[in-house]
Structures are given as structure tokens and as C-alpha cells.
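Number of protein chains: 2
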Amino acid sequence: MTARETRFHHYVEVISRANQIAASTELDELLDKMLELLIAVTEAEAGTLYLYEAASHDLVFKVVKGSESSRRLVGSRIGAERGIAGFALARGTPVFVSDPANNPYWDRSLGELSGLILDTIYCLPLMLRGQPVGIVQLFNLAPEVCDDSDELALIELLCSRLVTEVEKARLLAEAQRRERRQQALVEIISRLTTTLDRDELLDRIMSFACELLDVEATSIWLRDDKAGELVLQLATGYRRELMTAQRMPQGHGIIGHVVETGDTVTVNDVSQDTRFYRQIDAKSGFVTRSILCVPLRAPRIELGGQRGAVEGRIIGGAQALNPHDGRHFSPEDVALFESLASQAATVIRLAHLYTEVDNLSTRIIDAITGAIDLKDPYTRGHSQRVSEFSVAIAQELGLDNDTVYRVRIASKLHDVGKIRVPDRILKKRKGLSEAEFRQMRRHPIYGLEFLQENGLLELDLLGDSWQALSQHHERLDGRGYPNGLRGDEISLIGRIVAVADIFDAISSHRPYRPARPADEALAILRRMAGIEIDERCVEAMVRAREKGLILTQDERA
Amino acid sequence: MTARETRFHHYVEVISRANQIAASTELDELLDKMLELLIAVTEAEAGTLYLYEAASHDLVFKVVKGSESSRRLVGSRIGAERGIAGFALARGTPVFVSDPANNPYWDRSLGELSGLILDTIYCLPLMLRGQPVGIVQLFNLAPEVCDDSDELALIELLCSRLVTEVEKARLLAEAQRRERRQQALVEIISRLTTTLDRDELLDRIMSFACELLDVEATSIWLRDDKAGELVLQLATGYRRELMTAQRMPQGHGIIGHVVETGDTVTVNDVSQDTRFYRQIDAKSGFVTRSILCVPLRAPRIELGGQRGAVEGRIIGGAQALNPHDGRHFSPEDVALFESLASQAATVIRLAHLYTEVDNLSTRIIDAITGAIDLKDPYTRGHSQRVSEFSVAIAQELGLDNDTVYRVRIASKLHDVGKIRVPDRILKKRKGLSEAEFRQMRRHPIYGLEFLQENGLLELDLLGDSWQALSQHHERLDGRGYPNGLRGDEISLIGRIVAVADIFDAISSHRPYRPARPADEALAILRRMAGIEIDERCVEAMVRAREKGLILTQDERA
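If you read the protein sequences in the order shown, they are chains X and L.
One point on numbering: in the numbering used here, the residue at position 307 of the first sequence is 307, and numbering is uninterrupted.
One point on numbering: in the numbering used here, the residue at position 169 of the second sequence is 169, and numbering is uninterrupted.
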């Protein structure tokens with residue numbers, strides 16, 4: 001074989017090894033094997049490979065071979081303009097340097113990191129369509145390679161063979177990373193939506209944001225329009241005790257700007273930004289370097305029914321501070337944080353809408369309850385107490401959350417039928433005529449009618465709990481009213497409220513007799529248990545009393 | 001130059017052209033240029049390129065050159081075992097065929113599609129790590145190429161040079177596609193969460209699912225546990241009129257299985273699945289080929305406050321039918337549909353929770369309103385009518401949704417203070433003593449106290465709307481009660497409710513005088529306008545009356 005033919009076979013062998021390496025779709029593996037091959041071909045003592053990051057104009061250190069001391073630097077970054085590598089990258093063509101320490105581009109601090117005495121450096125920029133992808137540096141090549149321009153050309157060919165693979169593997173790794181972050185976002189969003197409890201919700205938002213963006217700290221600020229301020233709701237990454245209830249005037253600081261304009265703001269060096277509101281750092285001792293600040297933009301929400309839609313508005317803003325590893329915030333970080341913030345704002349709004357309506361219904365029910373109790377001056381506070389007792393019994397019986405909720409509401413309304421009993425009968429108490437007495441004893445029926453006429457019986461929310469109204473005067477022995485139900489015909493809620501009602505009647509002051517102390521009242525209940533009222537409910541009440549959950553009218557005063 | 005050297009230069013030139021082509025990161029462009037280069041090198045009349053899809057064991061037709069008639073087949077798929085291509089792919093090595101029509105693997109139906117008279121076919125499977133990636137077929141190669149085994153070897157080298165690029169570009173395209181779908185999912189989820197209106201919500205879920213999965217039809221079924229059935233809520237892609245209110249027994253069909261077990265089921269050929277419930281297709285005329293069915297699993301939702309958490313449960317299931325282009329459902333389709341369904345179930349649950357509590361508060365308020373009106377037999381229905389009139393006036397004045405909502409609630413409660421005025425005074429009407437008269441005129445104050453004592457004044461939801469209670473008997477000239485406010489001291493809501501209240505009083509039957517017709521009542525209001533009551537509100541009411549929105553007690557009967 002001629003020398004030419006030998007070389008041809010050498011070429012084919014090197015290229016076919018490159019083809020094998022190229023089969024790797026995993027970026028780190030590909031880079032590792034590529035550097036290995038280049039070192040083998042050049043018989044170099046050591047080599048490094050950096051990838052270029054356009055956003056920061058940095059070179060990120062990916063692989064090193066032959067220099068133990070440099071291994072710990074993998075992952076670090078240097079400015080893409082530094083040293084001989086920077087010179088080669090700017091030119092876009094390979095640079096061969098012998099005696100590098102005397103080269104004008106030599107950067108001693110970089111050179112010394114390798115721990116080698118450097119004779120030769122071969123810097124091969126990885127270029128694609130004229131743009132830098134990375135750079136390979138080979139140190140102390142075999143002398144025969146240095147003198148062989150054909151061999152150096154082969155090495156260049158090898159790099160240009162592999163640069164397209166590197167680029168694709170890099171794009172793939174980035175796309176996969178973005179995909180994972182999108183998946184994490186979907187996961188986070190679904191976990192957000194499972195709470196309408198505001199504090200829990202804000203807590204989740206902040207910890208998810210910290211995790212998703214990989215930053216040192218996050219905080220969330222909501223508008224208090226009455227005070228004209230932004231109020232810090234929650235911060236992670238700070239020393240919490242320093243950050244509670246911070247307030248700043250609306251329109252101030254970067255966050256103030258974001259809340260006012262609805263624009264996202266990224267500042268990678270806050271020391272250069274005059275909008276930055278330094279008082280918070282001063283108070284907290286936290287040092288803010290860079291900030292990504294997004295508006296919390298609650299959308300228009302369609303509620304349907306009579307209420308229609310509530311309009312969208314900016315309810316506050318969220319901040320992420322100082323990405324780990326000195327990264328800059330990327331456009332991808334911005335997009336993710338915006339998505340998260342927008343969904344967070346929606347759920348904060350939903351939680352607010354739910355809580356408002358829930359408060360409205362609770363307070364309206366309390367109001368109606370109070371009004372009924374007031375019709376008879378001797379029953380003030382009766383319905384509220386009966387409700388508390390009923391809830392305590394229900395919880396003691398181990399009933400589930402939803403049932404306890406129903407017991408709470410229905411027991412408050414147990415006497416609502418009295419709204420249809422004339423005042424004069426309610427206030428009379430003694431010496432009622434037969435007809436008046438009958439009317440008085442119809443209040444459980446009136447109560448049921450009251451719910452029915454107003455469409456309350458058909459609500460899933462209340463289920464069968466209306467039996468609290470119709471059955472709280474029934475007795476196990478069938479001698480109760482209005483229907484004389486017996487034993488199992490009386491629902492559990494009916495039994496619970498009956499026990500609570502009797503206890504409160506005995507332990508409260510009435511015009512015709514004094515209040516009995518709790519122990520005496522419970523003793524009376526125990527004697528009635530099994531005959532008139534349910535034994536399990538009585539025992540549950542006794543246990544609740546032992547836990548301090550049952551307080552009589554007198555004990556509250 | 002020797003022939004060997006010429007060949008060497010030819011090799012280098014071809015490989016460097018391949019390197020240029022490889023710079024493309026876009027799959028379709030890469031494949032197109034790759035086939036172009038292979039045709040140029042072999043001087044073939046035509047060529048095709050298919051990619052292999054592992055999930056379906058299909059070859060997907062990607063590029064054709066030199067055959068116009070085949071161009072329309074791009075995108076179609078054939079079984080990966082068919083024809084000479086199938087043979088070559090199974091062997092994993094190139095196959096050269098002359099006189100293909102007499103080859104045992106020849107598949108006439110495939111061959112004729114090209115519209116060419118075929119002399120030679122060169123089938124080059126694209127293999128990576130022993131696995132098929134695709135196949136290139138070159139038709140009617142130049143005779144000198146066919147006889148040159150070195151040239152055929154170069155073509156193989158070219159394919160193996162580019163297959164790693166193809167694989168990476170394909171993985172990249174897939175990752176980008178998955179990323180786009182994830183982004184679409186995030187977008188869809190955020191659009192879902194902006195409605196608590198059940199019908200609107202279901203509608204959005206189904207149309208988003210159809211779009212995301214690219215299928216012919218979707219449907220959503222919810223449990224009706226009382227009836228033991230699954231009820232079709234909504235279907236897209238079917239003829240809607242055939243699909244309304246379909247029901248099927250729980251536990252039947254694939255969807256029944258999914259709802260019962262919580263497992264996702266994918267069936268790519270329902271004719272083979274005995275669980276498939278054929279009655280729905282029979283009724284709708286739709287032909288289901290393949291089905292992807294996922295549970296709607298509502299999570300445990302944290303409500304905070306007294307109610308605590310509501311437990312998670314499977315509330316129904318969602319179906320996607322027949323992917324377009326005869327695709328099979330991919331694992332990615334399954335994951336996306338599961339994510340969407342899980343979020344959909346959450347929002348359906350939130351909508352249900354909100355609506356229940358909203359209904360509770362509305363109905364309780366209606367109940368309290370009705371009870372107050374009933375204290376005086378002549379005011380039956382008064383508060384409801386005043387509320388309707390107030391809402392009509394508010395809408396006519398162009399007030400926003402939230403304000404109208406407040407007007408609706410507060411105006412219903414405008415007389416709630418009467419709950420504290422003794423029945424005998426309310427029923428007396430005539431011949432009230434001075435003291436009784438004063439008490440009667442205190443009902444606006446009582447109403448305000450009623451709200452305040454029960455914590456209703458501090459709800460953001462109601463804002464300042466309590467002025468409807470305290471100011472509805474004030475007059476612009478300062479001669480109203482209880483505070484004798486004048487002009488601007490009276491809030492807009494106070495003015496609105498005053499007009500509505502007076503209109504209803506005039507147009508309703510009272511013991512001491514007959515009802516006046518609407519026109520007469522409005523004429524009276526107009527005379528009072530500017531002196532006692534607000535002119536804009538009166539004119540708004542006149543306009544609302546013209547639109548048919550104002551009906552008197554008599555007109556409703």
C-alpha cells in the first residue's frame with residue numbers, strides 16, 4: 001500500500017469510529033467520546049471541551065480528560081472572549097500554539113488551572129453555519145502530529161463531522177429539559193388547583209415556584225387597594241421572621257412597576273436598576289442580585305347563573321430572586337414563571353370567590369339563626385350552641401367531613417320553623433290553648449316546609465340533613481312529635497340534634513325553671529338514653545364534654 | 001491523479017456535502033436533502049424515503065423524488081414487512097434488485113404506485129444500533145453505478161453517515177412536538193380554570209380534548225349514583241341531536257369499566273373488545289374504531305375553614321374516539337388525556353363546590369326574604385320584586401356585573417330589619433301609636449344592625465351595598481328616614497332601591513288601597529323624581545319597563 005492508501009484507510013477508520021460515536025443521542029456521552037477520540041488521534045496529554053451559551057456569551061465547561069485538577073471545574077463558566085480559546089472562537093478557525101505562555105492571548109489564570117506544563121495547545125472552535133457551538137482544546141500533542149498538516153486537517157474534518165451531532169444532541173437535551181419543566185408545571189398547576197384554602201394555596205405557589213425556577217428566594221405580594229399598598233403574603237428562602245407583613249407603597253419598587261403596568265421585568269443586576277426598592281433587603285438582610293418579577297393577573301372568571309362573570313384584574317405580583325449557580329434568568333424561566341403566576345392568580349381568585357360566598361352563606365345562616373332565637377328572649381344563642389354540640393357529637397362518632405359540615409348547618413336551622421309560629425305563642429310558654437300548643441308543636445314541619453319552598457331540600461350540599469329540622473323532637477319510643485317516628489325510623493342526624501337540643505334546654509335558663517349544671521344535665525340525658533334518645537349520641541356527648549368541647553350557656557357567660 | 005486518488009477526492013467531496021446537509025436540524029429538510037444527495041450520487045431516476053414507527057410497526061412515507069404520482073402518498077403508511085423494502089428492513093442490510101417484477105418479494109400494488117417502469121431497485125435500510133430507523137429506495141440507477149461495488153459501498157457509508165443525524169433530528173422533532181403539546185395542555189388548563197359555569201366548562205373540556213388529541217370525537221360521562229347510571233354530558237364530533245341525554249348502566253361498556261376501576265383503557269380495535277357497549281353507536285350512527293378512555297378523578301380538595309377537605313373520588317370518565325389519519329393512540333396521547341381529564345375533574349369539582357355554596361346562599365337569602373314578607377300578609381313577594389326591579393334599574397344604568405350582583409342581594413334584604421319589628425305593629429298598619437310608628441320607621445337601622453352583628457358588613461363580596469338597607473327610605477330633599485340624608489349623601493344603591501320599593505308599593509295591593517297599574521305608578525314616580533327620588537333611576541326604570549323587564553304583582557299573577 002502507498003502512503004496515500006494508508007492514510008485513506010486511516011481516514012476511513014477514524015470517520016467510521018466517529019460514526020459509531022455519533023450514534024449516541026445523549027449529549028454528555030457524545031461529548032465525552034468525541035473528546036476521547038480527538039485525544040486518541042492526536043496522542044495529546046490532555047483535552048477540554050466547552051459548549052458556548054449564546055444568551056450569556058459564556059463558555060460552559062463540559063468535559064476534561066488527562067487533568068485531574070480541572071475535573072472539579074466541570075460545570076463552571078468563563079467569558080467566551082477569554083484567552084487563546086476566546087481568540088480562536090472569535091476567528092472561527094483552529095489555532096495551533098506552541099509555547100503558549102508567551103502567546104499574547106495567553107490567560108495565566110486559566111492556563112494554571114490545568115496543573116500541566118503546557119508545550120502545545122490546539123484550539124478547535126466547533127462552528128456551525130458560522131456560529132460558535134463550542135470549543136475543543138488539546139494540550140501537549142504528539143510532536144509528529146503537530147508537524148503533520150494532513151493530520152491536523154483530519155482532526156478538523158472530525159470536528160466538522162461531529163459538530164452537527166453535538167448541535168442536535170444539545171437541542172434535543174434542551175427540548176427534553178423544557179419538556180420536563182412543562183410537565184413539572186402541569187403537575188404543579190394540578191396540585192395548586194386542589195386547594196381553595198388561601199394560606200395553603202399561597203404556600204404551595206411559593207414553594208413550587210422556588211423548585212421550578214431553581215432560585216434562592218421567591219415572594220408574593222398582593223394589592224391592598226384601600227391602603228394603597230402591596231402586602232407581602234409569603235416568602236420562601238428568606239429568614240421568615242424578618243419578612244412577615246412587609247408592606248410597600250403601590251407603584252414603588254420593581255414589583256410596584258410590574259403590578260401597575262402588568263409587564264414582566266427581568267433584571268439580572270439590580271444594583272444597576274433605580275427602580276429596585278432597597279428597604280426590603282435592608283430589613284431582611286437578604287442580598288438581591290437578580291430579580292424576575294411577574295404580574296399576578298387574575299383572568300375574567302365565568303361564574304354562570306345570576307352572577308355572570310367577574311372581570312379580570314392584576315391582583316399582585318410574584319418575584320423570583322437569584323437563580324442558583326449564578327445563571328441568568330432565561331426566556332424559558334420567564335415563560336414558566338408567567339404561566340405559573342397566571343394560574344396561581346386564577347386559583348387565588350377562585351379561592352377568594354369560593355370563600356366569599358361560603359362566608360356569605362355561613363353568616364346569613366347565623367343571622368337567620370340569631371333572629372329565630374331572638375323571637376323568644378329565653379332562647380338567645382340556643383341554635384348556635386345546639387349546632388356546636390351537634391358537631392362535637394358527630395365528630396366524636398367519627399362521621400366524615402362532609403357529614404359534619406351538614407350537621408353544622410342543619411342543626412343551626414333546626415328551629416327555623418319557629419319563624420312561622422306567631423310571637424305571642426312563642427312568648428307565652430305557659431297556659432297555651434290546645435290549638436296554640438298544636439301550632440307550637442308544628443315547628444319541625446314548618447321548618448321542613450321553609451326549606452322546601454325555598455329549594456333548599458334539593459341541594460346535594462345538604463343531602464338528607466333536613467331531617468335535623470323535622471326529627472329533632474322525635475323519640476325512640478315513638479312518643480315524640482310531629483310524626484311519632486320510632487327507633488330506626490329516626491335518622492342519625494335527627495338523634496344527634498335531639499340530644500344536643502335537650503342538653504341545651506336543660507342547661508339553659510328558662511322563665512319557669514333555673515338552669516341545671518352540665519353534669520346534672522348529662523345525668524338526665526343518660527337516664528333518657530335508649531328510651532327517648534340515642535345512647536351512642538349521649539355517650540359521644542359525654543366524651544366531648546370530657547374534652548372540653550361542650551360549654552353550657554352559663555359557662556360561656 | 002490515479003483512479004484511487006480520484007475516488008478518494010470523490011469520497012471526500014460526497015462526505016463533505018453530507019456534512020453540510022447534516023447541519024440541518026429540521027427533520028423534513030434533512031430527509032429531503034439526504035434523498036436528493038443519494039439520487040445525485042447514484043444518478044437514479046427516482047427515490048423514496050420512509051421512516052419506521054416502532055409503536056405501529058409501520059413505515060411512514062416521508063419523501064419522494066422523481067415520481068409525481070407518488071407525491072400524494074406522502075404521509076401515508078404501509079406495514080413494515082411488505083415488499084422488497086420489508087425484506088431489506090428485516091435483514092438490516094442493503095438489497096439490490098434488478099428486474100424487480102420477477103423478485104419473490106415484489107409487491108405489485110406498491111410498485112405500481114410509482115408510475116415508473118422499474119429496472120433496478122436499491123433498498124437501503126437505515127439502521128442504528130441494529131434497530132431500523134427507516135428505509136431509502138432508489139429506482140433505476142445509472143448502469144455504471146449498479147456495476148460498481150465501491151460506489152454502492154460509498155452510498156452505504158453515506159447512509160450510515162446520515163442515519164445518526166436523522167435519528168437525532170427525529171427525536172428532536174418528537175421532543176419539540178411533545179413540548180408543544182405540553183404547552184397546549186398548560187394553555188388549555190388555564191382556560192379551563194377560568195370558568196365555574198358547569199355547562200361552559202364541559203363544553204370547553206370536550207373541544208380542547210378534541211383539538212389536543214386530534215381525534216374524530218370525544219365525550220364525557222358523569223356518574224349519577226342515585227340512578228346507578230352514567231350520563232352523557234356532552235359529545236363533540238357526533239351528530240349532537242342523536243347524543244343528548246344518553247344514559248348507560250354503571251359498570252357497562254369500556255367507560256363503565258374505567259369509572260369503576262379508575263384504570264385508563266386504550267382499545268385500538270373495539271370490534272375485538274367484548275366490553276364495548278354497542279348501543280351508543282347503534283343510536284348515534286357513529287362508527288367507533290378505536291377508543292381511549294380515562295377516568296375523571298376529582299382529587300381531595302382543601303377548602304379550609306370549618307368545612308375542611310372534601311374527599312377525592314371518580315366522578316365519571318372521558319372518551320376520545322378514532323384518531324385522525326388512522327393513527328393508533330400513543331403513550332403520549334394517553335398521558336396528555338389523563339392530565340387533561342384529571343384537571344378537568346378538579347375544575348368540575350370546584351365548579352360544583354362553588355355552585356352548591358352559591359345556591360345555598362341564594363336560597364337562604366330568598367328564604368329569609370320570603371319569611372320577612374310573610375310577616376305582613378300584604379307584602380308577599382315584595383322583596384323579590386324589589387330585587388328584580390333594582391337589578392333592572394342597575395343594569396339599565398350600565399353598572400358592572402359585580403355591582404349588579406350586590407344590588408341583587410342587598411335589595412332582597414332591604415326590609416330584613418322588619419324581623420325585629422313586632423308582628424302586631426307590622427300587621428296593624430293603621431292607628432299606630434307614636435311609639436309604634438317610631439319603631440316601624442327604625443327598620444332600616446335594625447336591618448343594618450342585623451347585618452353588622454352577623455359579620456355581613458365586613459364581607460368584600462357585599463361591599464357598600466348594605467346602604468340598600470339603611471337608605472331605602474331616605475329622600476333627596478332630606479325628609480326621609482331614618483337619618484334625613486340629603487342629595488349626594490344618599491348612595492346610588494340607596495336611590496335605586498328606593499325607586500324600586502316605591503314602585504312596588506304603589507303597584508301592589510294593600511289593605512287600605514287598591515293596586516295602581518304600572519303606567520300610573522311610573523307617572524307618580526316621575527312626579528317624585530328630583531324631589532324625593534333620583535331622576536336617573538326613575539328613567540332607567542321606565543326604560544326597563546319598555547323592555548318588558550318590570551312586571552307588577554298583578555301582571556305576574
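Please note that a few of the clues may not be correct.
[What the hints assert, rightly or not] Footprint (simulated), chain L over chain X, 3 or more residues, beta carbon under 8 Å:
hint	region
1	178-184
2	362-374
3	450-458
[To be verified] Restraint ranges, calculated between C-beta atoms of paired labels, are given here:
hint	chain 1	residue 1	chain 2	residue 2	range
4	X	262	L	513	56 to 62 Å
5	L	184	X	26	35 to 41 Å
6	X	509	L	314	48 to 54 Å
7	L	513	X	477	54 to 60 Å
8	X	68	L	9	19 to 25 Å
9	X	68	L	314	54 to 60 Å
10	L	17	X	143	30 to 36 Å
Hints listed in this document are in silico derivations from the structure and should not be mistaken for laboratory results.
Note that the Cβ used here is the ideal one computed from N, Cα and C, for glycine as well.
Checked hints:
Judged by the Cβ-Cβ criterion of 8 Å, the region 178-184 of chain X is covered by chain L as claimed, because 4 of its residues qualify and three suffice. Requiring three or more residues with a Cβ within less than 8 Å of a Cβ of chain L, the coverage given for the region 362-374 of chain X holds, as 10 such residues are present. Counting residues of the region 450-458 of chain X whose beta carbon lies closer than 8 Å to any beta carbon of chain L gives 6, which reaches the threshold of three, so the coverage claim holds. For the pair residue 262 (chain X) and residue 513 (chain L), the beta carbons lie near 58 Å from each other, so the given range of 56 to 62 Å is met.
Between residue 184 (chain L) and residue 26 (chain X) the CB atoms are about 27 Å apart, so this pair departs from the stated range of 35 to 41 Å. Take residue 509 (chain X) and residue 314 (chain L): their Cβ atoms lie about 52 Å apart, and the range 48 to 54 Å holds. Separated by about 55 Å at the C-beta atoms, residue 513 (chain L) and residue 477 (chain X) satisfy the suggested range of 54 to 60 Å. Take residue 68 (chain X) and residue 9 (chain L): their Cβ atoms lie about 44 Å apart, and the range 19 to 25 Å is violated.
The supplied range of 54 to 60 Å is met by residue 68 (chain X) and residue 314 (chain L), whose beta-carbon atoms lie about 58 Å from each other. Against the hinted window of 30 to 36 Å, the Cβ-Cβ separation of residue 17 (chain L) and residue 143 (chain X) comes to about 34 Å, which satisfies the hint.
Violation of the numbered hints given earlier is confined to hints 5 and 8; the remaining hints are satisfied by the structure.
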